[in-house]
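These protein sequences, in sequence, are chains E and C.
Here the first sequence is numbered in my numbering, starting from 1 and rising by one per residue.
Here the second sequence is numbered in my numbering, starting from 524 and rising by one per residue.
Be aware that a few hints might be false.
Unchecked claim - Here are the simulated distance ranges between beta carbons:
hint	chain 1	residue 1	chain 2	residue 2	range
1	C	VAL589	E	ASN51	45 to 53 Å
2	E	TYR272	C	ASP578	53 to 61 Å
3	C	ARG689	E	TRP104	49 to 57 Å
4	E	TRP298	C	VAL589	36 to 44 Å
To be clear, the hints were calculated from the coordinates, so they are not data collected in a lab.
Even glycine gets a Cβ: it sits at the ideal position worked out from N, Cα and C.
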Amino acid sequence: MNLKEWIFTTDHKRVGVLYLIGSIAAFAVAGIMALLMRAELSTIGPTITANPTQYNVWLYTHGAVMILGFQIPALTGFFANYCIPLMIGAKDVAFPRVNALSVWLFYVGVILALLTFFIPDPPDVMWTGYPPYSTITTGNTAMYSFTVLILGFASIIGGVNFLTTVAYMRAPGITLNKLNIFVWCTLAAFVLQLIFVPVLGTAVSLISMDKYLGTNFFDPTKGGDVLTYQNLFWFYSHPAVYVIFLPFIGVVYEIIAAHAKNMVFNYKMVVYGGVGGIVLLAGEVWVHHLYVSGMADWLRIGQMVTTLMISIPVGLMMIGLIGTLYKGSIAFTTPMLYALGVVFLFLIGGLTGIPLAVPSLTIGVSDTYYVVGHFHYVMAVAGTFAIFGGVYHWFPKMTGKMYNEFWGKLGFWITFVGVNIVFWIMMDVGVKGMPRRYYDYAHFPQFEGAHQWMTVGAAILAVGFTIAILNWILGAINGKPAGDNPWGSPSLEWTTVSPPPHGNWPSPPSVSEDWHPYGFKKG
Amino acid sequence: MKGKRMHDTIKRAAAGLAALFLTVPAWAAGGAKAAAATPDPARDWDLLWNEVIFDITIIGILFAIVTAWFIWQARRRPGNEVGASVPLSPASAVGWVVIPIFVFLSIDLYTAANGWVLWNTFRDVPANRMEIKLEAGMYSWDYTYPNGVRTQNELVVPAGTPIVLRMTSRDTLHSHYIPDFRVKEDSMPGRITYLWFNPTKPGEHIVTCAEYCGVMHGYMAGRIIVKAPEEYAAWMKGEETRLAALTAPEPAPAAKPAKPAAKKT
Ligand code: HEM
Ligand SMILES: [Cu+2]
Ligand SMILES: [Cu+2]
Numbered sequence: 001m002n003l004k005e006w007i008f009t010t011d012h013k014r015v016g017v018l019y020l021i022g023s024i025a026a027f028a029v030a031g032i033m034a035l036l037m038r039a040e041l042s043t044i045g046p047t048i049t050a051n052p053t054q055y056n057v058w059l060y061t062h063g064a065v066m067i068l069g070f071q072i073p074a075l076t077g078f079f080a081n082y083c084i085p086l087m088i089g090a091k092d093v094a095f096p097r098v099n100a101l102s103v104w105l106f107y108v109g110v111i112l113a114l115l116t117f118f119i120p121d122p123p124d125v126m127w128t129g130y131p132p133y134s135t136i137t138t139g140n141t142a143m144y145s146f147t148v149l150i151l152g153f154a155s156i157i158g159g160v161n162f163l164t165t166v167a168y169m170r171a172p173g174i175t176l177n178k179l180n181i182f183v184w185c186t187l188a189a190f191v192l193q194l195i196f197v198p199v200l201g202t203a204v205s206l207i208s209m210d211k212y213l214g215t216n217f218f219d220p221t222k223g224g225d226v227l228t229y230q231n232l233f234w235f236y237s238h239p240a241v242y243v244i245f246l247p248f249i250g251v252v253y254e255i256i257a258a259h260a261k262n263m264v265f266n267y268k269m270v271v272y273g274g275v276g277g278i279v280l281l282a283g284e285v286w287v288h289h290l291y292v293s294g295m296a297d298w299l300r301i302g303q304m305v306t307t308l309m310i311s312i313p314v315g316l317m318m319i320g321l322i323g324t325l326y327k328g329s330i331a332f333t334t335p336m337l338y339a340l341g342v343v344f345l346f347l348i349g350g351l352t353g354i355p356l357a358v359p360s361l362t363i364g365v366s367d368t369y370y371v372v373g374h375f376h377y378v379m380a381v382a383g384t385f386a387i388f389g390g391v392y393h394w395f396p397k398m399t400g401k402m403y404n405e406f407w408g409k410l411g412f413w414i415t416f417v418g419v420n421i422v423f424w425i426m427m428d429v430g431v432k433g434m435p436r437r438y439y440d441y442a443h444f445p446q447f448e449g450a451h452q453w454m455t456v457g458a459a460i461l462a463v464g465f466t467i468a469i470l471n472w473i474l475g476a477i478n479g480k481p482a483g484d485n486p487w488g489s490p491s492l493e494w495t496t497v498s499p500p501p502h503g504n505w506p507s508p509p510s511v512s513e514d515w516h517p518y519g520f521k522k523g
Numbered sequence: 524m525k526g527k528r529m530h531d532t533i534k535r536a537a538a539g540l541a542a543l544f545l546t547v548p549a550w551a552a553g554g555a556k557a558a559a560a561t562p563d564p565a566r567d568w569d570l571l572w573n574e575v576i577f578d579i580t581i582i583g584i585l586f587a588i589v590t591a592w593f594i595w596q597a598r599r600r601p602g603n604e605v606g607a608s609v610p611l612s613p614a615s616a617v618g619w620v621v622i623p624i625f626v627f628l629s630i631d632l633y634t635a636a637n638g639w640v641l642w643n644t645f646r647d648v649p650a651n652r653m654e655i656k657l658e659a660g661m662y663s664w665d666y667t668y669p670n671g672v673r674t675q676n677e678l679v680v681p682a683g684t685p686i687v688l689r690m691t692s693r694d695t696l697h698s699h700y701i702p703d704f705r706v707k708e709d710s711m712p713g714r715i716t717y718l719w720f721n722p723t724k725p726g727e728h729i730v731t732c733a734e735y736c737g738v739m740h741g742y743m744a745g746r747i748i749v750k751a752p753e754e755y756a757a758w759m760k761g762e763e764t765r766l767a768a769l770t771a772p773e774p775a776p777a778a779k780p781a782k783p784a785a786k787k788t
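So that you can see chain E by itself, here it is in the shape it has in the complex:
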């Protein structure tokens, strides 16, 4: 097992593991940025840096890397790569070399993002990169554009690959109604990526053209328009939250079904109503990010209705989850704790999103810590919990070994307490008026205590995440043998040996008439 073999691998499982290592590294870096920001905000005035730009660079890196370098690659890179071919009984993906290219591009993108710390004028445009600031700052906007373009491209070619794989490489007997929920969710996410990433690519290319090549797409004094960028950006970036949401809720479905040993509740409702509904609505709600941006009033009202309607498919997916728990046989393993954690975090995040769907309420809390708290609950933290739970769940498959349950559960509980301290308080100060993206809050001295609590919470959750990552590393080195199917799941990935060999199955699998990935049997 040498390094060269890994770098030039075309095996989907190794590509997946490379994605996992890269995205967890990205998570660690972006997490350290979060801790630095929390340290800075723990007192009014300068705390650990006297330079606001330094804070802005941390915030830029945190947001951009968490989304583009951690969550999207972990979900559509690692989980998709590792699980989809195994779940559909394929030997590999349809285009293994293209797959290798996508993970290389991902590493190029992550390295570009990390170069932020070594170039003289790092980008300070926030992960949204809004002009006019992004076209006049001394910060390096090109770096931002290229990072986004490369990571976006890596993801698009992954999308083509997986749609083809699932369409043509399913083992005999695996009909569309016998696909794992995770497979459906990830396919939907890739469809969204294929449709919307090009729009993001356009948007970020145009700001660099404006800044460096003298075009005027966003400069109104020369016939451009500022708002166009925001429309383009969110036309992608709202669907992007479903690109995160769909696979992570898919992971949660897999965990809950396997550890409750129960069939997924109303499978067709989840697939067609939930996943399908989200795909249909994803492109019609972006204006809810622009409720106070100066858009036409009729658009704000129109998209209030579509945004509220998102509650329908998302609600159906929640019903599916709860229904799967109901009458199950729930083992409180570490992956299950994370999955249940997602259910409760997502509940808080989803419900606190309802007022944000209403422009007249958003007019008060837009761009405050209320929004930051809300989206950490609903996407950032819920998604991260799903990722951590998923890594624990498939850990025995990947390594053939078992992680340590005690440390796993301890890590979960510490993180769970920490995130609720940070993000609950965050929503509270937001409603009281604390705006986001502030290096300092000198004119809001009343919030200092709350900020200190948030910093404490961040330190607590960092301990929890560290325990989890150490648990994986130690478990991979000297965990106890886990056997091929420790959870007793009929889902196909558990029917091969752990870890699966190159080609996945000694002989090509086929499934019987009454097989179903969620058909749990006694014994």
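Since the structure of chain E is provided, determine the placement of chain C with the ligands on it from the hints.
Here is chain C with the ligands on its own, set in the frame of chain E:
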């Protein structure tokens, strides 16, 4: 037999929800009664906000309790080694889609209707307003009164007069956010946006920038000082004299006095 009962239940529930659904316009209209006096968007915002927060809290708690109960009931223990769910009948499978859709949709439309009423309050500027121009820039708020008086980072207004800001920016995006009045709107080059608020009684309110605009974004703050109308008139007199002194060489153009000042004298 069982299928029939199920069917009836679904029918009854659907009828009830349809009724709820149809009353939405009526509920929405209910919100629009206090039309006579100058509306107070900040107060209406608090009412709707508190209502929505109350509702989601109830939903959240109920949902959490039910879920926790399910989880506890379904814990793995001797005699419960494997899940006991059975496939749904076609009727209940469809019911589990249709009924939730009705429930969610009626909540959505009810919320939307109320949100729309409040939206109109925030966007329909009262006729007795004072119009003030705002130019935002890195990093200050520059106000211009109808009579040409200018101030920076401090907007003095008379209590009882609705104030509308016509906003633009000379450089990057900014967002004029007044937490006490629950209102903000971005300003940008090349477009004029607006917001209005109703300062009902004398006092001071923070203005803070809510759209990332550059390095000093966090320091881009100002104040709105609401004075009793007489005090405001006196302050405005002083400012006008100052302005006149500044522009003395050329005869002052017939500066229109601010409307509320005219009303009071
Ligand atoms: C786990 C611990 C985390 C902590 C303590 C944390 C903390 C923070 C804080 C304090 C801010 C706002 C700072 C400000 O507005 O000035 C922020 C912004 C943000 N966070 Fe996190 N965060 C965490 C995890 C994540 C994760 C997992 C994601 C993944 C998506 C994420 C995505 C973002 C984004 C997109 C922003 C907005 C950046 C911007 O304003 O441009 N965060 N975070
Ligand atoms: Cu500003
Ligand atoms: Cu600002």
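Hint-by-hint comparison with the structure:
1. The hinted window of 45 to 53 Å between VAL589 of chain C and ASN51 of chain E holds, with their beta carbons roughly 50 Å apart.
2. The given range of 53 to 61 Å is broken by TYR272 of chain E and ASP578 of chain C, whose C-beta atoms sit roughly 29 Å from each other.
3. Checked against the hint of 49 to 57 Å, the C-beta distance between ARG689 of chain C and TRP104 of chain E comes to roughly 52 Å, which is consistent with it.
4. Hint check: TRP298 of chain E to VAL589 of chain C, Cβ distance near 39 Å, so the stated range 36 to 44 Å holds.
Hint 2 from the earlier list is the only one contradicted by this structure; the remaining hints agree with it.
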